Amino acid sequence: MPAAAHRLNGSQIVARTLRAEMERDPSIIVMGEDVAQLGGVFGATRGLLGRFGADRVLDTPISETAFVGAAIGAAQSGLRPVVEIMFVDFIGVCFDQLINEMAKHRYMSGGEQTTGLVVRTAGGCIGAAGQHSQILSATLAHAPGLKVVLPATLRDLQGLLVAALRDPDPVVIIEHKRLLKATAETLAFGAPVEDLDAPEPIEIGRLQRVRDGADLTIVASGFMSQLAWEAAVELERSTGRSVGVVDLRTISPLDRAGLLREAPAAPRMLVVDEDYGAFGVCAEVMAVLAEGLGRDAPLMGRLAPSSPVPASARLESAVVPSAVSIAERAALLLA
Amino acid sequence: MPAAAHRLNGSQIVARTLRAEMERDPSIIVMGEDVAQLGGVFGATRGLLGRFGADRVLDTPISETAFVGAAIGAAQSGLRPVVEIMFVDFIGVCFDQLINEMAKHRYMSGGEQTTGLVVRTAGGCIGAAGQHSQILSATLAHAPGLKVVLPATLRDLQGLLVAALRDPDPVVIIEHKRLLKATAETLAFGAPVEDLDAPEPIEIGRLQRVRDGADLTIVASGFMSQLAWEAAVELERSTGRSVGVVDLRTISPLDRAGLLREAPAAPRMLVVDEDYGAFGVCAEVMAVLAEGLGRDAPLMGRLAPSSPVPASARLESAVVPSAVSIAERAALLLA
Amino acid sequence: MTVELRHYEALHRMRAFEEAIAAAVVSGEIHGEMHLGLGQEAVALALGELRRPGDAIVSTHRGNLHALAAGVDPVALLAEIIERDGLCHGKGGHMHLFDPRHDFMTTGIVGASAPIAAGYALARRRSEDERIAVAILGDGAMNQGSVAETMNLAILWTLPLVFLVEDNGWGISVAREASCAGRLVGRAEPFGMPAQQCDGRDLDAILAALGTAVDHARERGGPTLVVAEVDRFAGHYEGDTDLYRPAESKRAARAPERDPIGRLRARLADAGAEEEQLDESERRARATVEGWFTAARARPFPDERTAAEGVFA
Amino acid sequence: MTVELRHYEALHRMRAFEEAIAAAVVSGEIHGEMHLGLGQEAVALALGELRRPGDAIVSTHRGNLHALAAGVDPVALLAEIIERDGLCHGKGGHMHLFDPRHDFMTTGIVGASAPIAAGYALARRRSEDERIAVAILGDGAMNQGSVAETMNLAILWTLPLVFLVEDNGWGISVAREASCAGRLVGRAEPFGMPAQQCDGRDLDAILAALGTAVDHARERGGPTLVVAEVDRFAGHYEGDTDLYRPAESKRAARAPERDPIGRLRARLADAGAEEEQLDESERRARATVEGWFTAARARPFPDERTAAEGVFA
Ligand SMILES: Cc1ncc(C[n+]2csc(CCOP(=O)(O)OP(=O)(O)O)c2C)c(N)n1
Ligand SMILES: Cc1ncc(C[n+]2csc(CCOP(=O)(O)OP(=O)(O)O)c2C)c(N)n1
Ligand SMILES: [Mg+2]
Ligand SMILES: [Mg+2]
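Protein chains in written order, with this note's numbering: chain G, 128 to 462; chain X, 128 to 462; chain V, 13 to 325; chain E, 13 to 325.
By construction, these hints were calculated from the structure, which means they are not laboratory data. No experiment lies behind these values; they were computed from the predicted model shown. Please note that the accuracy of each hint is not assured.
Okay, derived cross-link-like pairs now, SDA-like style, lysine to any residue, Cα gap no bigger than 20 Å in a straight line [stated by the list, open to error]: (1) E:Lys-262 with E:Leu-280; (2) X:Lys-308 with X:Arg-173; (3) X:Lys-308 with X:Ala-132; (4) G:Lys-308 with E:Pro-206; (5) X:Lys-308 with X:Pro-380; (6) E:Lys-262 with E:Ala-34; (7) G:Lys-308 with E:Thr-253; (8) E:Lys-262 with E:Ala-190; (9) X:Lys-308 with V:Asp-254; (10) G:Lys-308 with G:Leu-323; (11) V:Lys-262 with V:Arg-188; (12) G:Lys-308 with G:Ala-181; (13) V:Lys-262 with V:Gly-274; (14) X:Lys-308 with V:Val-38; (15) V:Lys-262 with V:Asp-252; (16) G:Lys-308 with G:Ile-253; (17) E:Lys-262 with E:Phe-245; (18) X:Lys-308 with V:Asp-252; (19) X:Lys-308 with X:Glu-455; (20) V:Lys-262 with V:Gly-322; (21) X:Lys-308 with X:Ser-449; (22) X:Lys-308 with V:Tyr-249; (23) G:Lys-308 with G:Ala-450; (24) G:Lys-308 with E:Asp-252; (25) G:Lys-308 with E:Arg-295; (26) G:Lys-308 with G:Arg-134; (27) G:Lys-308 with G:Ala-318; (28) X:Lys-308 with V:Phe-245; (29) V:Lys-262 with V:Phe-245; (30) V:Lys-262 with V:Ala-190; (31) G:Lys-308 with E:Gly-40; (32) X:Lys-308 with V:Glu-250; (33) G:Lys-308 with E:Val-37; (34) V:Lys-262 with X:Gln-164; (35) V:Lys-262 with V:Glu-250; (36) V:Lys-262 with V:Tyr-249; (37) X:Lys-308 with X:Glu-357.
Kindly produce the complete structure, drawing on both the sequences and the hints.
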């Protein structure tokens, strides 16, 4: 990793990536609450207003329906909007524009209408309780027509964003708050961020195996993949069993072929998610394998919240998977 | 079934049930678009305005966020609102009030706040394309805190509504348009509607086995259960195999114990849904069984739409499960 | 042919178009809900007259006539509506019409047209030309929060956008008075947005009001609200028994002195047009539409094997 | 103690309350985002003075002081905020405060307070008494569609509802001028809703304006909008570097002639109150708050085994 890059946190990498892509593609505009003047509440659009001006970097009122809808119309006029929904928790106020409009225009037009745009939104826990800690990846992925990606590393934050900016379909990137605040050295794993000025895309729709293991596979996404890796290391240390990690990277379209390919590597599988468990990502992964592999499917378990996220830090850590709880649940599966 | 009841369609049964319950409980109010003057676009609130007056039966502007939110505040003031969202497809414009408010007040208040209300909403296909044909049961069920029920019969339409009106939690009833229009004689199965004036509740959170079968179990919900029954009959006729049907009735909270109990009845299982397949009800059912039964789980397959619902009737029937496509898919599993 | 005679024929084409669709619903050729613009033709005609290539129009569930106004190929449009391999290959249907070549689309969600049209306007504001966008809304849609949000945004961003409200006085069964506090034209006031109310049954009136708004947007003066009073001749959808409206008021709406076609006919007659000429115009319009229908019916049905395809590129 | 002296002490209690919470964020006792009402105390105090038992208040992410105004037990409130087994047993935290016994709640979603408050008002309208509901909003929230929808509904249904806007001029880093077209007080006009703007830093001014609105609602005259101009002393949340606001403007906001406490103090002094008496008042306020903190810290932490429980009854 170049000297400059390795000190950057996730937000800074997003900002640098947006900058590089905006230099390349003049049709890219950035819009959202606090993205211009402030550069984003996490700093992920910092510097863009100064570089590209108010015509391409737009602060919006707190009117998610209006500006997400506007992003759709702008995309259908040849622009490439990057619209920020500050926290993914707020999709509720503009959900119609997301699932009934953005997601469906291509299909409903019989392929005539393209709606290429990027929704960036922060997700995950930082002690802010039930309305500011969600992931909602399955809520978004359940609606056909939205691509949904969850970067697990800084390089993925960069590469998936680049891919999204070149994708013909609407792509929602759920950026974990802890990843936005993380630098490379604080993360369990992740390829280095190579080229800040000419970033390479990472293909949307492909999972990645990030760790081999013959006894158990942990499947996760986003920041949970980091915790899964930590849990795997700890499990190997404490039990001597070999634990692999598969990072989904993309939730929609889910990499079914990849899952079917990776599943046989170990006889047991734990699927972990930070989004709610019921009707969520874990269930879909398990269903793909149950349906695709039948009796050859691994023995599967899951770990995901069954309640909203509570406010108190102590309660939060009892609800949201951690490296410790992942390791505990995995140990049960291994027993 | 009493002479009067057996000629009623689903909408009329809903209206009669609301009427009976409103007589019993003066705290019940009904609100929504076109529910008062018109009696609902499907007629499911017909006659209520005349009987109970404008204080208890309120037409609203087309402002779902405002009136769904208002139902929450009213519920928290001791009323029991029955709020109609005309089509479930429109939840997108008030999704925040549904999943961040209604669903979470009990949890976020640590149990101090009760929000007992009923959301009635029509779902399913009647040839009205991508924004007026959805079910979205998993979208609603994925958010912890909403009870979600899908009546499959006229008696369930009645009994689940009664239970919802007496439930301490918010209950969303997705009423299938075809069920609202159906009379008993047009349906494949269903207990008779007994007492229109003193209707009995049906417990929320319990599935029902509606047909025995030793070779394959079809699991479905809502109107799909009717089609599953038809498919089962047809399969038995054409193949001689014995096919059971389990009707989920409640999607959230899902009857996990019931699923684990019913699964061993047949070595194969087909899960059918009218809501989108990915991250949907089928996946959750399969995950519950994969996790709960491990190698003893039945061989499982699913059938559910993978795209939005197209407009043309011919295309629609290629996307949405029918008795024919259910039977075909089941035959594959049996082969 | 004078401009006015051309308009007269165009109004008749629109009426014939919607009536033929109504018949196709009755005959079972079309399934699902169908919302017609019968009685509201003058607004669509004015829109078409004022539209220039590159202007965008985002319409509603009641958008058939706006599609014609936008220049959408009528045969492809009809084919889509009668569930053939049409404008959207059978996937959109009448509520979801998309024609990117004419920067036209509709949505079935009340109020959703406004934000999307704002985006079309945003992209147009950035260019040097005079292209604009039009958001079409019903009176009932004005109570959807998306519209207020978009008005604010449109003023802040000086968007070349016209909010065109077809105020037919009803949102399904609920009268405007029961659903809208205050006058709709006043909804633009807090944002400092110019607003006009006009009789949308009178072609000249709507041409004038909409023209002012369109010019304002082309000159990059920002957004405008135009509330056009119209009558919804039919039920909310085809099949609606429409018993909630007094029969008398429905009859009155169709009276020649109120009907946009009747009014233009009277004016043309006053100006010396021959009855026969006018009747001929109407016949020609009806024949044109019949021709479209015949052509649309010649289109194949969409291929069922493609039904689930095309979710992603 | 005169009423005004009591007010003075109450303002100090509110300030001390928020300052103590700020300190607890710095010390790490509180995790997550924390939004304080520093500078906005006079509005909360007026609300508390005008509130009667049975009135409902639905507040926002910046709702600590409104909770005090609503009569919520300060120790339970603080315990919740410092993540103990408090008002909501550690599950709500400062953005999600629920006290059904005082008909009080807050929401972390901007604009979501308005519809819910309308429901509280609807239930109250049906009863014979004079109970009302208050929806609290920020200036930024006025651009959320939910608010416009609710205003329309509130007029249609003559709801005993007050829309109380704490207009601190900022929505996080975006100044009101950059996010709100027109004057906020004008937002009520299209619906025919009475509206007032007042200086929310001046206790008398806000008492008068809010009092009028509250009386109007109690007399079943319907809803009113009150826009109270205030200053947000601190950043949007504790930890916000707040560099987007000019340092000068932030200093000016805290000047005694603008600060609600400074203003009341000057008035009391003018009216003959002793310096010593006023200082004593402040000391008493701070001691009270310290007592609350001590009591709150004595509460246990919530039981982790209950963390995932209580989704359904
Ligand atoms: C968000 C939303 N709510 C409800 C509906 C159902 N609906 C379809 S059209 C309509 C009435 C619309 O009234 P108006 O805007 O006046 O248009 P009109 O039908 O009179 O042309 C309603 C309530 C919808 N499509 N979308
Ligand atoms: C729907 C929604 N969008 C965005 C946010 C993030 N957010 C929290 S507070 C805030 C600013 C609110 O401004 P204002 O209403 O003026 O209240 P203030 O913070 O000034 O008291 C924003 C954008 C949110 N909580 N909800
Ligand atoms: Mg209308
Ligand atoms: Mg503010």
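Right, here's what the structure says about each hint:
For the suggested pair E:Lys-262 and E:Leu-280, the alpha carbons sit about 25 Å apart, so the restraint of at most 20 Å is broken. For a cut-off of 20 Å, the pair hint linking X:Lys-308 to X:Arg-173 stands: about 14 Å separates their Cα positions. Distance hint between X:Lys-308 and X:Ala-132 is fulfilled; the C-alpha atoms sit about 14 Å from each other, no more than 20 Å. Only pairs whose Cα atoms come within 20 Å are accepted, and G:Lys-308 paired with E:Pro-206 is rejected, the gap being roughly 46 Å.
Restraint check for X:Lys-308 and X:Pro-380: not satisfied, since their Cα atoms lie roughly 27 Å apart, outside the 20 Å limit. Pair hint E:Lys-262 plus E:Ala-34 holds up; C-alpha atoms about 17 Å apart against a cutoff of 20 Å. Taking the CA atoms of G:Lys-308 and E:Thr-253, the gap is near 16 Å; set against the 20 Å cutoff, the hint holds. With a C-alpha separation of about 18 Å, the suggested pair E:Lys-262 and E:Ala-190 falls inside the 20 Å cut-off, and the hint holds.
Distance hint between X:Lys-308 and V:Asp-254 is fulfilled; the C-alpha atoms sit about 18 Å from each other, no more than 20 Å. Between the alpha carbons of G:Lys-308 and G:Leu-323 the distance comes to roughly 18 Å, so the proposed pair stays at or under 20 Å and holds. A hinted pair counts as satisfied when its Cα atoms are at most 20 Å apart, and V:Lys-262 with V:Arg-188 qualifies at roughly 15 Å. For the proposed pair G:Lys-308 and G:Ala-181, the alpha carbon gap of about 26 Å is over 20 Å, so the pair is violated.
Of the pairs offered as hints, the one joining V:Lys-262 and V:Gly-274 holds, with about 15 Å between alpha carbons and a cut-off of 20 Å not exceeded. Distance restraint check for X:Lys-308 and V:Val-38: the Cα-Cα separation of roughly 18 Å lies within the 20 Å cut-off, and the hinted pair is therefore satisfied. A hinted pair counts as satisfied when its Cα atoms are at most 20 Å apart, and V:Lys-262 with V:Asp-252 qualifies at roughly 14 Å. Between G:Lys-308 and G:Ile-253 the CA atoms are separated by roughly 11 Å; this keeps the pair inside 20 Å, and the hint holds.
For the proposed pair E:Lys-262 and E:Phe-245, the alpha carbon gap of about 7 Å is at most 20 Å, so the pair holds. With a CA separation close to 15 Å, the supplied pair X:Lys-308 and V:Asp-252 stays within the 20 Å bound. Taken as a hint, the X:Lys-308 and X:Glu-455 pair is broken in the structure, with Cα atoms around 27 Å apart against an allowance of 20 Å. Between V:Lys-262 and V:Gly-322, the direct Cα distance comes to roughly 43 Å. Violation of the 20 Å bound is thereby established for this hinted pair.
Restraint check for X:Lys-308 and X:Ser-449: the C-alpha separation of about 17 Å stays at or below 20 Å, so the hint holds. Taken as a hint, the X:Lys-308 and V:Tyr-249 pair is honoured in the structure, with Cα atoms around 17 Å apart against an allowance of 20 Å. With a C-alpha separation of about 18 Å, the suggested pairing of G:Lys-308 with G:Ala-450 holds against the 20 Å cut-off. In summary, the hint linking G:Lys-308 to E:Asp-252 is supported, as the alpha carbons are separated by about 15 Å, within the 20 Å threshold.
Taken as a hint, the G:Lys-308 and E:Arg-295 pair is broken in the structure, with Cα atoms around 41 Å apart against an allowance of 20 Å. With a C-alpha separation of about 11 Å, the suggested pairing of G:Lys-308 with G:Arg-134 holds against the 20 Å cut-off. At roughly 17 Å between alpha-carbon atoms, G:Lys-308 and G:Ala-318 fall within 20 Å of each other, so this suggested pair holds. At roughly 27 Å between alpha-carbon atoms, X:Lys-308 and V:Phe-245 are farther apart than 20 Å, so this suggested pair is violated.
Restraint check for V:Lys-262 and V:Phe-245: satisfied, since their Cα atoms lie roughly 7 Å apart, inside the 20 Å limit. Between the alpha carbons of V:Lys-262 and V:Ala-190 the distance comes to roughly 18 Å, so the proposed pair stays at or under 20 Å and holds. Under the criterion of a C-alpha separation no larger than 20 Å, the hint pairing G:Lys-308 with E:Gly-40 is consistent with the structure, at around 18 Å. A hinted pair counts as satisfied when its Cα atoms are at most 20 Å apart, and X:Lys-308 with V:Glu-250 qualifies at roughly 17 Å.
For the given pair, G:Lys-308 sits about 19 Å from E:Val-37 by alpha-carbon distance, which is consistent with the 20 Å threshold. About 17 Å separates the Cα atoms of V:Lys-262 and X:Gln-164, which keeps this hinted pair within 20 Å; it holds. The straight-line distance between the Cα atoms of V:Lys-262 and V:Glu-250 is roughly 15 Å, inside the 20 Å bound, and the hint therefore holds. For the hint linking V:Lys-262 to V:Tyr-249, the alpha-carbon distance of about 15 Å falls within 20 Å, and the restraint holds.
Between X:Lys-308 and X:Glu-357 the CA atoms are separated by roughly 18 Å; this keeps the pair inside 20 Å, and the hint holds.
Violated hints, listed in ascending order, are 1, 4, 5, 12, 19, 20, 25 and 28; each of the other numbered hints is respected by the structure.
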